[in-house]
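So the protein lines, in turn, are chains A, B, C and D. Using full-length UniProt numbering, read the first sequence as starting at 1 and increasing by one per residue. Using full-length UniProt numbering, read the second sequence as starting at 1 and increasing by one per residue. Using full-length UniProt numbering, read the third sequence as starting at 1 and increasing by one per residue. Using full-length UniProt numbering, read the fourth sequence as starting at 1 and increasing by one per residue.
Simulated from the structure, these hints should not be mistaken for laboratory data. Don't take every hint at face value.
Within a straight-line C-alpha distance of at most 30 Å, the following computed DSSO-like cross-link-like pairs (lysine-lysine) qualify [said to hold, decoys possible]:
#, chain 1, residue 1, chain 2, residue 2
1, A, 193, A, 47
2, D, 193, D, 281
3, D, 285, D, 319
4, A, 193, B, 281
5, A, 281, A, 193
6, C, 88, C, 47
7, D, 88, D, 47
8, D, 66, C, 88
9, A, 285, A, 88
10, A, 281, A, 319
11, B, 319, A, 281
12, A, 88, B, 281
13, D, 281, C, 193
14, D, 193, D, 47
15, A, 88, B, 66
16, C, 193, C, 281
17, D, 47, D, 66
18, C, 66, C, 47
19, D, 285, C, 193
20, D, 88, D, 285
21, B, 193, B, 66
22, C, 281, D, 193
23, B, 319, A, 193
24, A, 319, A, 285
25, D, 319, C, 88
26, B, 88, B, 47
27, A, 66, A, 47
28, A, 193, B, 193
29, D, 319, C, 193
Fair warning: this is a prediction, and the values are worked out from it, not measured in the lab.
Below, each chain spelled out in residue letters.
4 protein chains.
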Amino acid sequence: MPIPQPNLYPPFNIVRLSHVELRVTDLQWARAYYVDTLGLQITHEDKAHIYLRAMEERGHHCVILKQADTGDVGVLGFKVWDEEQLDKAESWFRSRDLPTAWIERPFMGRVLQTRDPWGTPLEFYREMDRLPSIMQHYTLYRGVKPLRIDHFNLFAPDVDGAVQFYSDMGFRVTEYTADEETGRSWAAWMHRKGGVHDIAFTNGTGPRLHHVAFWVPTPLNIIDLLDLMSTTGYVENIERGPGRHGISNAFFLYIRDRDGHRTEIYCSDYQTIDPDHEPIKWDLKDPQRQTLWGAPAPRTWFEEGSAFNGATLAESDLKAQPIVAP
Amino acid sequence: MPIPQPNLYPPFNIVRLSHVELRVTDLQWARAYYVDTLGLQITHEDKAHIYLRAMEERGHHCVILKQADTGDVGVLGFKVWDEEQLDKAESWFRSRDLPTAWIERPFMGRVLQTRDPWGTPLEFYREMDRLPSIMQHYTLYRGVKPLRIDHFNLFAPDVDGAVQFYSDMGFRVTEYTADEETGRSWAAWMHRKGGVHDIAFTNGTGPRLHHVAFWVPTPLNIIDLLDLMSTTGYVENIERGPGRHGISNAFFLYIRDRDGHRTEIYCSDYQTIDPDHEPIKWDLKDPQRQTLWGAPAPRTWFEEGSAFNGATLAESDLKAQPIVAP
Amino acid sequence: MPIPQPNLYPPFNIVRLSHVELRVTDLQWARAYYVDTLGLQITHEDKAHIYLRAMEERGHHCVILKQADTGDVGVLGFKVWDEEQLDKAESWFRSRDLPTAWIERPFMGRVLQTRDPWGTPLEFYREMDRLPSIMQHYTLYRGVKPLRIDHFNLFAPDVDGAVQFYSDMGFRVTEYTADEETGRSWAAWMHRKGGVHDIAFTNGTGPRLHHVAFWVPTPLNIIDLLDLMSTTGYVENIERGPGRHGISNAFFLYIRDRDGHRTEIYCSDYQTIDPDHEPIKWDLKDPQRQTLWGAPAPRTWFEEGSAFNGATLAESDLKAQPIVAP
Amino acid sequence: MPIPQPNLYPPFNIVRLSHVELRVTDLQWARAYYVDTLGLQITHEDKAHIYLRAMEERGHHCVILKQADTGDVGVLGFKVWDEEQLDKAESWFRSRDLPTAWIERPFMGRVLQTRDPWGTPLEFYREMDRLPSIMQHYTLYRGVKPLRIDHFNLFAPDVDGAVQFYSDMGFRVTEYTADEETGRSWAAWMHRKGGVHDIAFTNGTGPRLHHVAFWVPTPLNIIDLLDLMSTTGYVENIERGPGRHGISNAFFLYIRDRDGHRTEIYCSDYQTIDPDHEPIKWDLKDPQRQTLWGAPAPRTWFEEGSAFNGATLAESDLKAQPIVAP
């Protein structure tokens, strides 16, 4: 299917991705990993939850760690432009026969809870508690010095379908991988906030979260994190990298927590805000789209991901993702 | 005057700053400076003009160097969301009794020419020739490896007035310097595209262009440029830096061409896209707003700038900018 | 065998490793690779040879590329303290029944030609043409910005024997890998100039050159080289990295030319000049000695190397090097 | 006076500079500055002393902070090759009618205490307690991540005399500033360990310590320190930089503690180990020798330094150091 034209006047105005709830089976282990090692900042902590923000963020949280029996993902959150957009969003999801509910969430105003057609749990909101800036509190910087949440990446059983659905919502494609023979998309990167992506979809059993990504200042911060993790008991949590993706030009590192939740640490994004910004098409056979420098990725990176709580998995009818493995 | 509330539904939709025409008295000298030394890429060149883009840009140009008798600035250009916005822009400027004209410009579609109330020459457009991406053509990277144009900074004789005018147009304030006693603003940073600024205003005789800024990947690129300039005959063109601004948290370098046009090279911006993003207020008496690390700036940096072609200079009624000099 | 005590008063005073002659089957291809891509500087060029130096070196050359029928290695060169040391060296090699000859070499004074007991071709000299410094000619910096040659790494069929021989000559061990059960060394790093190594030995069929290494300023230069190589037709020449060795703490990249000659690009050495500097012992079973961060190395890296011209290969009686492969 | 020829067979073999005793008037303030902010590691602490080492050092200490009534410098320490060199050193200083004594120092073997002809307190030793490596204990890295002590820089009332004296001892000149008209040296950089300097002398009232320097991995660590110091109450302790010296090519930052003791943080040294390494001569009138990039240094940097305990100050008969000030 061809990539849809950008929807310049979407049904409601989403500003950006905002937060993710990661359900973890050992909250204290997760605290050591996300706070002491990665360097995210705690904004609230109770017996069952840790709320985190990155260094330049003023919203109350971008990650919620929640003690749970299963290490899956609770919800993906998005911020909208104003309260009116929430009502428009409700109508839009309803018109597509998708479930909607207004729920209460700590530290947030009105929250619209819903799911996409594949069952991915989504929530939209306008108002979240705002906190004082700590961007120049350099004494707080630790670990990889994460600056902000950047994007979600999902395994999708129907990438063409997902691209159409999220495009209807106003997300615009920046890069995609297509199979020349069938014309079908294998992966697509879509944005609202003017970078390469707020959300991306990769062909595979889904919906599952492949990773949540954080933006850091320079590649040297990623090297610092690797040195730290590999000498403090986290070497097994390093999955892939450092390297450069052909797609998105990102300098990346992938790490996984004990429940398998994958985090991408990256820098080197580019600006995509122009309404006539042309998507870049990558050939499924081009190995440099995954790794510009040619280094192989491990099989786990292609196959494993985090389930969404309450969603039913579906397999893709496309044959397995071609693995560029050693 | 208090900072105006963000105008979330502006009269027309400006996407971002786009380009600047720098009039230079020696085009070949300028070529050696902007192309061979800074590393901007030529996209068109004729006897009297050189069109340039930065490494990640797909629009045809972000800088026009134009051979001229006087080293002033021709125009500041902005991109709008669609053609309809151009018509809305025309109405809006007309309604304020400001001059408007539809003009022809090479490599561009319809161009609306106008001026702000202080005479700053502006142009708005939707369509500019799009070029293939060279972002991953690493063999072309030279000099400071400029990735994209980032913002304009102007001397303004009436900062409060400029902030109100540009706020009405939809620009939102991210940081500002205020005089606690009078309540008047001395400087303000305003954005459309989600970073610290597309345009900024500083108290002083104006309108004049203080600088145009380019985004680069890391501080090390700025160090590379300093090493290169200081050993190839450009040491006198280095004006200030490297350093960190308190305001914007930018790691910066300021350089000036032979006509005095100032360029800021910088990195370390942050994301400001939230509709409820709170401006940061700096006290006029806080020396760290200018230089977080305490190093003084030279007098030229506070006083000199490029005139705009066809604009009449006005003095500010605020006493001279307090200079943090050695 | 235990690591020998450092020989603080060696029979002759070697200052440092100095140069290598790489015999290449396509001199023009090699020129594009070592000069245009890596950034080594040509100091002399004729039909059959290209002489190269790195950016901070004042000696005439650290690499000689020589057009040849076979892509092997001509010689490893070392600089001694004064002319008297050359005569002492001659006596020392003779006393061990090793071949010696005084030969003529362009751009050099007296050259003592010899071989170690395994046939590795060596040469010693005091005087090489000195060239003006180009360290601050920043306009010449290209590619990975190589600053200086750093070390040789050899496959050795008898690591314990090699360590004893080179220790007798005055090289001192900084790190080594030992098999706890047999007590035998599998690899050793030895220096003269005060860093981790001038020469290193790894168990394997030999003598063969595993790699010659160049020192660069920061990890970002290595990332720049990867970006450049992967987008200018050299992606197949990238073998391993970037990564951090446990041993030596080096941030590394390994690349190979068309003849298979391997180059390590690295930074993050440390000072080892103290006479009582203690060697670090690594357990053969510790996977982090090779890759601190846990990423696997390809099989070629463990098995392939460059033969030395005129040397006969011998197999090691130790079982094959344990490969940390995916 | 012309620079002396390198003394290739000195009277005794000094390996490198080793340590400095800084007498401080507020030990707890100094602890917060050198340990918590710069990142040096405590190896011993008692009521009146704090012993520090940098991250890659295995010797027990490179800095001793000593509670004192006056903020001056106790001693400069150097390590020699073996015990025999200590006896040779004693003879050599005695033969020059300089005071010598064998003293006890904690954590060290035999210590020879002496002074140079201008009264600078020196000590030589072979044996200091050796500690386990913490180079790869990345969790301990803080502040500027100091790797090792690198050099001392002294104000000298007679630079030509100091160069001759230290050259006789085996130090070799790498760079120097000369007055073309008088032929006299204004400054000289001298080494033992193969870098630009172990000790340097600058014309001025002396003997005084201008600074002690620490080597760090990359310029980004210096930027991190600036961000940290400027936001944790140490902005007044930042004196000069960041910048690049023409001399030594060092990327530098100068900071001063509460007693005025100046520390240089730097990277970008080069290798000078060759016996025929030619000194670089800088013209006194070349402003780029001090600051390659042209930025001025503050007057304090040219004029202020730390007295040595027990030494009598003498003025230079050369007119005051020309100050490159704004």
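Hints, one by one, checked against the model:
no.	hint	result
1	A:193 / A:47	violated, 34 Å
2	D:193 / D:281	holds, 20 Å
3	D:285 / D:319	holds, 14 Å
4	A:193 / B:281	holds, 25 Å
5	A:281 / A:193	holds, 20 Å
6	C:88 / C:47	violated, 36 Å
7	D:88 / D:47	violated, 36 Å
8	D:66 / C:88	violated, 49 Å
9	A:285 / A:88	violated, 41 Å
10	A:281 / A:319	holds, 20 Å
11	B:319 / A:281	violated, 56 Å
12	A:88 / B:281	violated, 34 Å
13	D:281 / C:193	holds, 25 Å
14	D:193 / D:47	violated, 34 Å
15	A:88 / B:66	violated, 49 Å
16	C:193 / C:281	holds, 20 Å
17	D:47 / D:66	holds, 9 Å
18	C:66 / C:47	holds, 9 Å
19	D:285 / C:193	violated, 35 Å
20	D:88 / D:285	violated, 41 Å
21	B:193 / B:66	holds, 27 Å
22	C:281 / D:193	holds, 25 Å
23	B:319 / A:193	violated, 40 Å
24	A:319 / A:285	holds, 14 Å
25	D:319 / C:88	violated, 50 Å
26	B:88 / B:47	violated, 36 Å
27	A:66 / A:47	holds, 9 Å
28	A:193 / B:193	holds, 9 Å
29	D:319 / C:193	violated, 40 Å
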